[in-house]
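Undergrad: All chains should be built: construct the whole structure from the sequences, respecting the hints.
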Amino acid sequence: MSIRSAVPATVILIWCSVAIIAPLLPLKPDEILLSKILIGPSADAWLGYDDLGRSIADRLLMGARTSLAVASSVVSISLAFGTFVGIVSAWLGGWWDHVIVRIIDVFIAFPGILLAIALAGLLGPGIGNAVIALAVVGWVGYARLARAQALAVKHREHIDAARALGTGRWRIGVRHLLLLISAPLIVEATFGIAGVVIAEASLSFLGLGVQPPAASWGSMIRDGARYMLVSPHMVLAPGIAIVLVVLSINLLGDRLRDWMDVRLRP
Amino acid sequence: MLRFLIARLASAMVVVFGVVTIVFLLVHLVPGDPVEVMLGEAAQPADRESLRHTLGLDQPLWVQWGRYIQGLLHADLGVSLHSKRPIVEILRERVSATVVLAVAGLVVAVLIALPLGILAAVRKDTLWDQASMVFAMIGVSIPNFWMGPLLILVFSYWLGWFPVSGMGGVGSLVLPALTLGTALAAILSRMTRAALLEVLGEDYIRAARAKGLQEGTVILHHGLRNAALPVITVLGLQLGALLAGAVITETIFAWPGIGRLTVESIQSRDYPVVQACVLLISLGYVLVNTLTDVVYAALDPRVQLHT
Chain A
1 MSIRSAVPAT VILIWCSVAI IAPLLPLKPD EILLSKILIG PSADAWLGYD
51 DLGRSIADRL LMGARTSLAV ASSVVSISLA FGTFVGIVSA WLGGWWDHVI
101 VRIIDVFIAF PGILLAIALA GLLGPGIGNA VIALAVVGWV GYARLARAQA
151 LAVKHREHID AARALGTGRW RIGVRHLLLL ISAPLIVEAT FGIAGVVIAE
201 ASLSFLGLGV QPPAASWGSM IRDGARYMLV SPHMVLAPGI AIVLVVLSIN
251 LLGDRLRDWM DVRLRP
Chain B
1 MLRFLIARLA SAMVVVFGVV TIVFLLVHLV PGDPVEVMLG EAAQPADRES
51 LRHTLGLDQP LWVQWGRYIQ GLLHADLGVS LHSKRPIVEI LRERVSATVV
101 LAVAGLVVAV LIALPLGILA AVRKDTLWDQ ASMVFAMIGV SIPNFWMGPL
151 LILVFSYWLG WFPVSGMGGV GSLVLPALTL GTALAAILSR MTRAALLEVL
201 GEDYIRAARA KGLQEGTVIL HHGLRNAALP VITVLGLQLG ALLAGAVITE
251 TIFAWPGIGR LTVESIQSRD YPVVQACVLL ISLGYVLVNT LTDVVYAALD
301 PRVQLHT
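Chains as they are written, first to last, in my numbering: chain A, 1 to 266; chain B, 1 to 307.
Certain hints may be false.
[Claimed, not checked] Quick list of the computed label-pair ranges, beta carbon to beta carbon:
{"id": "1", "chain 1": "B", "residue 1": "Val-100", "chain 2": "A", "residue 2": "Trp-170", "range": "50 to 56 Å"}
{"id": "2", "chain 1": "B", "residue 1": "Arg-92", "chain 2": "A", "residue 2": "Ala-6", "range": "51 to 57 Å"}
{"id": "3", "chain 1": "B", "residue 1": "Ser-268", "chain 2": "A", "residue 2": "Arg-163", "range": "54 to 60 Å"}
{"id": "4", "chain 1": "B", "residue 1": "Val-88", "chain 2": "A", "residue 2": "Gln-211", "range": "30 to 36 Å"}
{"id": "5", "chain 1": "B", "residue 1": "Glu-215", "chain 2": "A", "residue 2": "Ala-152", "range": "52 to 58 Å"}
{"id": "6", "chain 1": "B", "residue 1": "Ala-75", "chain 2": "A", "residue 2": "Trp-46", "range": "28 to 34 Å"}
{"id": "7", "chain 1": "A", "residue 1": "Arg-163", "chain 2": "B", "residue 2": "Thr-126", "range": "50 to 56 Å"}
{"id": "8", "chain 1": "A", "residue 1": "Gln-211", "chain 2": "B", "residue 2": "Ser-268", "range": "43 to 49 Å"}
{"id": "9", "chain 1": "B", "residue 1": "Gly-40", "chain 2": "A", "residue 2": "Ala-152", "range": "53 to 59 Å"}
{"id": "10", "chain 1": "B", "residue 1": "His-28", "chain 2": "A", "residue 2": "Asp-30", "range": "32 to 38 Å"}
{"id": "11", "chain 1": "B", "residue 1": "Trp-128", "chain 2": "A", "residue 2": "Tyr-227", "range": "52 to 58 Å"}
None of these hints come from the bench; they were simulated from the model. The model shown is predicted, which means the values in this text are computed figures rather than measured ones. Note that the Cβ used here is the ideal one computed from N, Cα and C, for glycine as well.
TA: Now the structure itself:
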């Protein structure tokens with residue numbers, strides 16, 4: 001593995017393992033130390049304390065858990081649902097395909113995470129609603145991609161052959177179609193994780209994601225922005241964490257795309 | 001061309017219709033009784049009934065939907081629950097600020113992306129190329145809710161060059177536009193590089209060089225012109241992300257536009273205003289996308305052949 005993959009891969013690995021083992025670590029993300037309010041980084045607390053005197057390092061690690069949990073659930077839901085819809089649309093064709101394509105067009109017409117912000121706002125703040133809101137917006141991209149890919153391979157000979165041999169619909173769908181079109185979907189999902197990490201942090205930044213005292217990188221930046229003049233360290237740590245994770249995922253996604261040799265983007 | 005235009009407009013109308021329907025349904029997603037959520041639990045039953053009636057929530061869903069469409073056709077989006085003013089009036093006050101910010105963000109993005117993308121393509125595989133692609137990679141990875149506060153910290157607090165927030169004068173536009181435009185600049189510069197590289201390999205570029213034209217003329221007139229189409233398409237498609245980014249950017253910089261209005265209305269549970277904001281921004285996006293397609297077709301004669 002080249003250094004250009006090794007560095008981002010290490011970052012992702014640290015992010016995932018920290019997120020998974022965070023509850024086992026001796027962290028006190030909610031412990032308020034009034035004597036430490038807004039105290040900057042020092043030898044014993046290497047990222048300092050926030051406006052309530054909570055350890056920023058501990059909150060950062062718990063925030064990793066939030067972002068991984070949201071990102072993995074949103075991407076798996078969107079990927080599964082979107083792929084299913086896309087394949088069904090391409091497979092059935094005709095009137096069904098027409099209607100599904102229109103629905104996809106309508107969802108794509110909502111810019112970026114605007115719909116997610118509105119949805120999360122209407123459903124009420126909370127991590128579960130944030131996941132729902134992001135998945136409602138997220139499935140469309142996968143549906144469109146899966147449909148386009150499925151249309152391209154639908155009439156290949158091996159599928160005709162499988163059908164001639166009397167293979168069941170589901171079996172053809174999964175073994176002969178899904179497997180064949182999975183590479184671009186996996187690449188898209190990789191970039192999707194980066195997108196959801198930012199989106200979750202955006203919702204939390206707006207106060208629509210995780211609720212206090214739970215930690216999210218987005219809400220840490222939100223809290224920190226108020227005290228930026230006196231203690232910029234509150235904003236710096238979570239921001240750098242987001243950029244590192246997102247940058248690493250994007251870099252790996254690029255490598256993955258080259259490796260799988262799929263051309264998704266213009 | 002006319003047939004293309006009609007087909008494109010027809011499909012845009014279908015999308016608009018769908019967008020309106022989803023936005024209409026948004027308020028019905030509020031868990032529990034929306035009236036109770038809006039008024040709070042302490043409200044009098046009579047007040048609830050009156051609000052329910054004002055919002056038309058006592059009617060069947062399809063009647064409400066019909067009324068909503070009818071209202072839209074008469075440019076009537078209802079009344080804000082908070083200020084009791086007509087929503088159309090509120091939007092009218094706010095929309096120009098968002099348009100100004102979005103255009104400024106777009107200008108920033110193009111001003112950064114074009115030189116960077118051209119430089120990367122012309123000096124392919126040099127340090128320039130790598131540096132500009134590193135910028136592109138970092139640019140898409142920096143969330144604007146982090147970039148904004150950082151810019152404020154450096155350029156407002158430390159250097160004192162620009163105001164911290166609010167709208168007034170050109171100076172106040174610089175930081176929000178930078179915050180909003182950077183991600184788009186990153187995507188555009190990658191796109192410009194890729195499109196230009198593809199074009200620079202063409203025979204007519206070699207012919208232009210063989211004619212003895214200056215390299216600058218070759219790149220700008222023969223290269224960039226032909227590379228413009230995919231770049232314009234991406235620009236149109238990315239405008240949606242730009243508009244959504246305005247929601248956060250406006251919140252950070254207290255910019256009095258539609259985005260900030262959206263967040264304020266979510267916080268004050270003024271659902272009809274949230275609805276109207278989402279509708280306005282989305283329709284703006286549909287409009288821009290349709291225009292992009294039309295411009296694309298007008299610029300590239302090959303597009304018509306396939307429609």
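Undergrad: Each hint needs a verdict: does it hold in this structure or not?
TA: The hints, checked one at a time:
no., hint, result
1, Val-100(B) <-> Trp-170(A): 50 to 56 Å, "54 Å, holds"
2, Arg-92(B) <-> Ala-6(A): 51 to 57 Å, "55 Å, holds"
3, Ser-268(B) <-> Arg-163(A): 54 to 60 Å, "58 Å, holds"
4, Val-88(B) <-> Gln-211(A): 30 to 36 Å, "34 Å, holds"
5, Glu-215(B) <-> Ala-152(A): 52 to 58 Å, "40 Å, violated"
6, Ala-75(B) <-> Trp-46(A): 28 to 34 Å, "57 Å, violated"
7, Arg-163(A) <-> Thr-126(B): 50 to 56 Å, "53 Å, holds"
8, Gln-211(A) <-> Ser-268(B): 43 to 49 Å, "18 Å, violated"
9, Gly-40(B) <-> Ala-152(A): 53 to 59 Å, "54 Å, holds"
10, His-28(B) <-> Asp-30(A): 32 to 38 Å, "36 Å, holds"
11, Trp-128(B) <-> Tyr-227(A): 52 to 58 Å, "39 Å, violated"
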